[in-house]
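Quick mapping for you: the protein sequence lines, in order, are chains A and B.
For reference, each letter of the first sequence is one residue, going 1 to 305 in the numbering used here.
For reference, each letter of the second sequence is one residue, going 1 to 379 in the numbering used here.
Hint data in this document are derived by calculation from the structure and do not stem from the laboratory.
The reader is advised that the hints may include incorrect statements.
List time: in silico EDC-like cross-link candidates among lysine to aspartate or glutamate, alpha-carbon distance up to 20 Å [claimed, not checked]: (1) B/Lys111 with A/Glu55; (2) A/Lys286 with B/Asp141; (3) B/Lys100 with B/Glu58; (4) A/Lys286 with B/Asp120; (5) A/Lys116 with B/Glu159; (6) A/Lys255 with A/Glu239; (7) A/Lys286 with B/Glu114; (8) B/Lys142 with B/Glu114.
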Amino acid sequence: MTSKTAVKRSPKTADDAQPDTRPDAPRDAPLDAMMPVPFRIVKRTQELADTFTIELTPASGRGGAFAFRPGQFNMLYAFGVGEVPISISGDPANPKKLIHTIRNVGAVTQAISNMKVGDEIGVRGPFGSAWPVEKAEGSDVLIITGGIGLAPLRPAIDHVLANRGKYGRFVILYGARSPADVLFMEQLTAWRGRLDTYVDVTVDHATRDWAGNVGVVTRLIERANFDAYHAKAFICGPELMMRFTIKELSSRGLKDEDIYVSMERNMKCAIGHCGHCQFGGKFVCKDGPVFPYSSVNALLKVRGL
Amino acid sequence: MGKEGDRVQAAAASVAVIAASEGLDALLKLLQRGGYRTIGPKVRDGAVVLEDVSRADELPLGLIDDQQPGAYRLSQAKTPAYFDFTHGSQSWKRYLFPPKEKLWSAQKTNKGFEVQHDVDAPKYAFIGVRACELNAIAIQDKVFIEGDHVNTSYRERREKALIVALNCRRAGGTCFCASMNAGPKVERGYDLALTELTGKNGHSFLIEAGSEQGEKILAKLDARPATPADLKAAAKAVDQAAQSMGREMPKSARKILSKNLESAHWQDVAKRCLDCANCTLVCPTCFCNTTTDSTSLDGQNAERWRQWDSCFTLDFSYIHGGAIRREGSQRYRQWITHKLASWHEQFGVSGCVGCGRCITWCPVGIDITAEVRALAKGK
């Protein structure tokens, strides 16, 4: 009854062009933001029982840098299964390596988990706001996170460490469920070994070989040494953890505008068109995921928003 | 204001004509010869729907509608006119932003896969687009075209579409466009605008051009220039619609909603709301959508489809660990607060145009204007 004419086009057709205004647009950026670009898995590391890291390179073989800012994310597509938003966990100073650390919790992450080196995955991005690493220059920097939340913060940690002289005291506080769930253990140990960085780790449930803290990550805050009036805090974790962390930081004297949180919401498009990630008037995909707490504090207090 | 109004009217008058009602058929033919797929109102299953129309006699001549919360009925009018019903459940959204659309298809290759962009963009001519609808289209333009990223298939359909707008001369029982400043007079964003005239001078249309393309079409119609008396009659008809609005939205809706995120009233609405999502599907501005992926049985071909979604479903806000909006009260709050308050923050306008569809097509007759008033009272 309805006679539709399907116009098929290659993504490279000029009149379909949508100018990619991102200053750091990857060389293979598609002309429609909903089109995934094939990337090849060049390395796969099992981090934890349910968490793995993959390193990607454009399948076109042309290489090129995938420039991103710490805290941004990509939509990763497993052929025929679906797409999920995943933060970039690599070093922003080394954009030739596109790295994601993923926890296997659903159908798509399971499909990606099953992929091997050489397999292809679709990538759209980078999307979203970033940790304000430039704005934090001259201040103390606090990284407070738990579980997989360390992955989206690793690019910020890499940046601070690579530009260590530009920052004041550097504090990393991390919580995991158990010692076996401590992500990036080797790196945490290495950072902890530095005399210019304070690292403290806690677990909810210890095993007999655990020599560290037991309890929630917020407990680590009181012991850490920083100047609350000249500090920026970057927080990523479950909303409940972030609420308690903020409470503790506020009581230490940190201002709301110096606290940054990374929000998680359902996302289908990552470009503000699907409506799924709305958080009050914010689109977490494009206004976030990183927000100054001062812009979301009223919203975070309301349940089920 | 008066002066400005005069100017607009003077400008319009220069490209306004009067055509006999038969001219509607000629207009349809003209558009079809121009390669347009003409879409307009038709009656199906006792309601006005928007479908392909090839001739004027397919239009619902002589029908009017009675719309009330949770109720819709068509009946015969005393005066036979083409457009005296207001609107059915469907809006033009279903053509510019289809309920289901293929975004792309992908084929497995030796090494991986290739992705191909799919665009289905017919050249539409919409017949009888009311002021609320024009405003709704302008709102979806903001969402899909005017932001950082563009929905390219929406843009292509939108750019090709020709709009024959319509000034309402009758308002429905659930209409409140006047209080949303979204009607009933069409102001901009059309190629041609019709005002239906019936009376002692017979059945005719005042047709005004709103674009260069509209002027070209107008020139080809068998019509006479409009007189000041015609313009006056048309203005009177629209004024009549403005005066007969079935409902009214409180002016401070945005403020009322922003201030009442924790109101006890949400529980009250939740007791009535069925979470059926009808309001979001009939809303001409609701744009939320989801994507679904599928593969062929042999696993060689994959597709991604975009389809309408609704914030009333539990899945809508699902993240690992469970849905964010678990309670019906939270989902209704999300919908109405987004529509009337946070939409301003996102797009600089209200997401409501006062068409009243969400009231008519709510199976339990929840009235968006009444809910805002109840929240204001702090019930």
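Verify the proposed pairing of B/Lys100 with B/Glu58, using a straight-line Cα cut of 20 Å. 26 Å, violated
Decide if the proposed pair is consistent with the structure: A/Lys286 and B/Asp141, CA atoms, cutoff 20 Å inclusive. 18 Å, holds
CA of A/Lys286 to CA of B/Glu114, is that 20 Å or under? With Cα atoms ~27 Å apart, A/Lys286 and B/Glu114 exceed 20 Å; violated.
Verify the proposed pairing of B/Lys111 with A/Glu55, using a straight-line Cα cut of 20 Å. 17 Å, holds
Hint check: B/Lys142 vs B/Glu114, CA-CA at most 20 Å. Holds or violated? 31 Å, violated
Proposed proximity, B/Asp120 with A/Lys286 (alpha carbon, max 20 Å): Roughly 27 Å between the alpha carbons, so the hint for A/Lys286 and B/Asp120 is violated.
Verify the proposed pairing of A/Lys116 with B/Glu159, using a straight-line Cα cut of 20 Å. 44 Å, violated
When you check the alpha-carbon spacing of A/Lys255 and A/Glu239, does it fall within 20 Å? The given pair, whose Cα atoms are some 19 Å apart, holds under the 20 Å limit.
Against the hints set out earlier in the document, violations occur for numbers 3, 4, 5, 7 and 8.
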